[in-house]
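Starting from the given sequences, assemble the full structure and let the hints guide the process.
Below, each chain spelled out in residue letters.
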Amino acid sequence: MNRFKRTLVLTIFLTFGFLSAACAAQSYDLKEMTPAVKQALENRKARFAELEHLKHEGLMGEASTGFVEVRGDSAEAVSVTAAENQDRKIIYEAIVEQNALGPAGYAEVQRVFAEVQRGKALPGESIQLPNGEWVKK
Amino acid sequence: MRKLLFVYLAFFAAGCTVKAVGDPNRPITINANIVVDVRGLKKTAVGIEDMVSQGAR
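Read top to bottom, the protein sequences are chains A and U.
Under the numbering used here, the residue at position 51 of the first sequence is numbered 51, and the numbers go up by one with no gaps.
Under the numbering used here, the residue at position 12 of the second sequence is numbered 12, and the numbers go up by one with no gaps.
Hints may be right or wrong, so weigh each one.
[Claimed, not checked] Straight-line alpha carbon distances no greater than 20 Å define the calculated SDA-like cross-link-like pairs of lysine to any residue that follow:
id	chain 1	residue 1	chain 2	residue 2
1	U	Lys-42	A	Ala-83
2	A	Lys-31	U	Asn-25
3	U	Lys-42	A	Ser-64
4	U	Lys-42	A	Phe-67
5	A	Lys-31	U	Val-46
6	A	Lys-45	A	Asp-73
7	U	Lys-42	A	Ala-49
8	U	Lys-43	A	Lys-136
9	U	Lys-43	A	Glu-32
10	A	Lys-137	U	Arg-39
11	A	Lys-89	A	Asp-73
12	A	Lys-38	A	Ala-49
13	U	Lys-42	A	Leu-101
14	A	Lys-136	A	Thr-65
15	A	Lys-89	A	Gly-102
16	A	Lys-38	U	Met-51
17	A	Lys-38	A	Ala-83
18	A	Lys-31	U	Glu-49
19	U	Lys-42	A	Gly-105
20	A	Lys-120	U	Gly-40
21	A	Lys-89	A	Tyr-106
22	A	Lys-45	A	Arg-118
23	A	Lys-38	U	Asp-37
24	A	Lys-120	U	Arg-39
[Stated by the list, open to error] Covered by chain U, per the in silico footprint, the following chain A stretches (three or more residues, Cβ under 8 Å):
id	stretch
25	28-42
26	72-85
In case anyone wonders, no lab produced these hints; they're calculated from the structure.
Built from N, CA and C at the ideal position, the CB exists for glycine as well.
So this is what it looks like as structure tokens:
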């Protein structure tokens, strides 16, 4: 009987241990700041004002993929979009790789970053909703 | 046998899948479902985007 009680207590302890581990919020940091990630972040900081200007002019918008898209006829917007998306891709891939999130994790990273970008967009800027529809915030 | 049953119960309660248990002569294969915690990921995304926007100013 005592042995049964001991094993029962152990089982409950293990179960709560697994549950609390599953419920705790995970953190998905950039664990290692590789030269590529560092450069991508520096590029994005340097490009930020230009990006804001293009968004304000309605020439660029935040897509639901976590990347920016050209929304008007502008050679500048095309080149800035390509460069920005290249740097974002490096950062997203680093998060996925360093946190072992797998292929499904990459889509989740894109989705969450898109959500954050929509939240940070200023009034009047173009944003793409999760259903694919483009709207002015 | 009883230990294996407890391992099964613990994994079941944690939302994981135990593929095969019970035969001590065979290795046990456990398929754990990896679920991305959106809260943690969002915190990371906000941190990075804040760093980009504030670093630019």
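Indices of hints not satisfied (ascending): The structure breaks hints 1, 2, 6, 7, 8, 10, 11, 23 and 26; every other hint is satisfied.
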